[in-house]
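> Spelled out, the chains give:
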Amino acid sequence: MYSGYSRRMSTRHVLLGLLAAGPTHGYDLKQQHDARFPQARPLAYGQVYTTLQRLVRDGLAAVEGTDSDGGPERTLYRSTDEGSGELARWAEEITAPAPFVTNEIFAKVVVSILVAAAGTRTAPEGRKPDAAAHLRAQRAAHMERMRELTALKTAPGADLSTVLSADYALAHLDADVRWMTTTSARIDTLTAEVNAI
Amino acid sequence: MSTRDEQPLPGAGALISARGLRKSYGRTEALRGASLDLHEGEILAVTGASGSGKSTLLHCLSGIVRPDEGTVTYGGEELGGLPEGRLSELRRRDFGVVFQFGQLIPELTALDNVALPLLLAGTRRGEANERAGEWLERFGVRGQADLRPGGMSGGQSQRVALARALVTGPRAVFADEPTGALDTLAGEQVMTALVHTARESATAVLLITHDAQVAAYADREVGLRDGAVHSGSAQAAGQEAVRREG
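First to last, the protein sequences are chains A and B. Number 47 in my numbering belongs to position 47 of the first sequence; there are no gaps in the numbering. Number 138 in my numbering belongs to position 138 of the second sequence; there are no gaps in the numbering.
Keep in mind that the hints were calculated from the coordinates and are not lab data. Keep in mind that this is a model prediction, so the values were computed, not measured. We treat Cβ as the ideally placed atom computed from N, Cα and C, and that holds for glycine. Among the hints, a few may not be true.
Stated by the list, open to error - Ranges of calculated distance between the beta carbons of each label pair, as one might list FRET restraints:
| # | chain 1 | residue 1 | chain 2 | residue 2 | range |
| --- | --- | --- | --- | --- | --- |
| 1 | B | Ser153 | A | Pro38 | 30 to 36 Å |
| 2 | B | Glu69 | A | Thr102 | 47 to 53 Å |
| 3 | B | Ile105 | A | Asp167 | 32 to 38 Å |
| 4 | A | Leu160 | B | Asp146 | 31 to 37 Å |
I would like the entire structure built from these sequences, with the hints used as guidance.
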């Protein structure tokens with residue numbers, strides 16, 4: 001499952017956005033969330049109800065009533081004017097473009113290069129981190145995921161939410177692959193220069 | 001993994017099998033011992049940086065260029081041992097080729113461009129036009145049948161080029177950066193059309209690309225570096241393609 005990058009989605013704003021269509025109960029909100037964001041981690045019911053209670057506490061949502069529909073009684077929630085205002089503010093706010101470079105692949109490669117530069121005394125033989133080998137293996141894993149996502153979005157009848165989320169994931173994985181390719185080439189050049197001395 | 005130091009035997013059941021290919025242009029070594037297998041119905045991406053030997057590999061595998069050393073075997077026949085006439089017949093009948101751009105004949109309409117390989121193979125004009133029209137339909141460019149290449153968008157031209165490459169029912173299509181000159185959405189239409197059609201007709205595709213998003217349409221990927229296979233498996237089983245087809 002593609003887990004996204006350093007910035008998480010704001011569950012409270014996503015729920016406010018779903019409430020904009022009209023009063024809904026927690027169960028339906030969870031279903032709608034998972035349908036609209038098919039490659040995201042599915043929302044837990046507990047997280048939906050906790051977030052709804054906080055929205056009510058902050059005046060951004062209100063309890064509209066209850067609805068049993070033949071089954072157990074369920075609480076209906078609606079967005080308030082304050083909630084609509086907060087949603088508009090959030091949607092208009094420009095997201096800071098990559099303010100911090102924090103990514104596990106990046107960290108592993110940098111650390112592997114540092115360990116290699118420190119020589120063999122830091123690790124037992126056979127357990128030395130190898131940045132170039134790691135990049136090759138990580139690239140293969142990225143490509144496997146990219147093949148899955150491509151098959152998903154080009155399958156007959158794929159809906160818009162699936163296509164958009166696959167596009168988003170593919171573009172980010174592609175950026176990783178480009179960085180890994182460039183880094184592999186830089187490591188090769190660096191190694192060749194060191195070996196030539 | 002296969003490297004330039006290992007030259008495995010021709011792959012059992014491979015449609016096209018290359019072993020130890022070397023090719024130089026003047027003092028430049030474009031291929032330095034490249035080996036790979038393309039299986040029936042498989043879509044294989046060959047990736048690598050500029051100058052890694054991707055296009056030369058495609059030219060050797062498709063019989064356009066003869067390697068200086070090494071062998072290319074197609075359906076049990078070694079291409080190096082074939083006279084030019086037989087090689088030419090293979091290229092016309094069994095192989096289709098698509099380049100980045102500029103491959104359509106500018107004076108001909110889209111329909112005539114697609115009908116041309118059939119006419120060269122001896123098909124009568126009426127039947128050739130009918131089949132060319134069907135292939136334009138499959139690639140979503142039937143409406144452009146009477147247009148010349150200059151009157152079409154890049155994406156439409158590439159889909160016409162794909163129709164022309166597939167109209168003779170080849171067993172293998174060689175595509176060299178087929179989306180290289182297109183924007184993302186036009187490239188996606190071309191790749192989706194190519195992959196769906198190839199899977200329907202169990203045509204093998206060798207796809208040359210430097211773009212990971214394009215390579216992700218393939219069943220597997222082989223990376224070239226300095227004229228040899230550097231990553232991926234030269235001999236992955238063709239069963240993967242067969243499984244996806246089902």
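> Output the indices of the hints that this structure fails to meet, ascending.
Violated: none.
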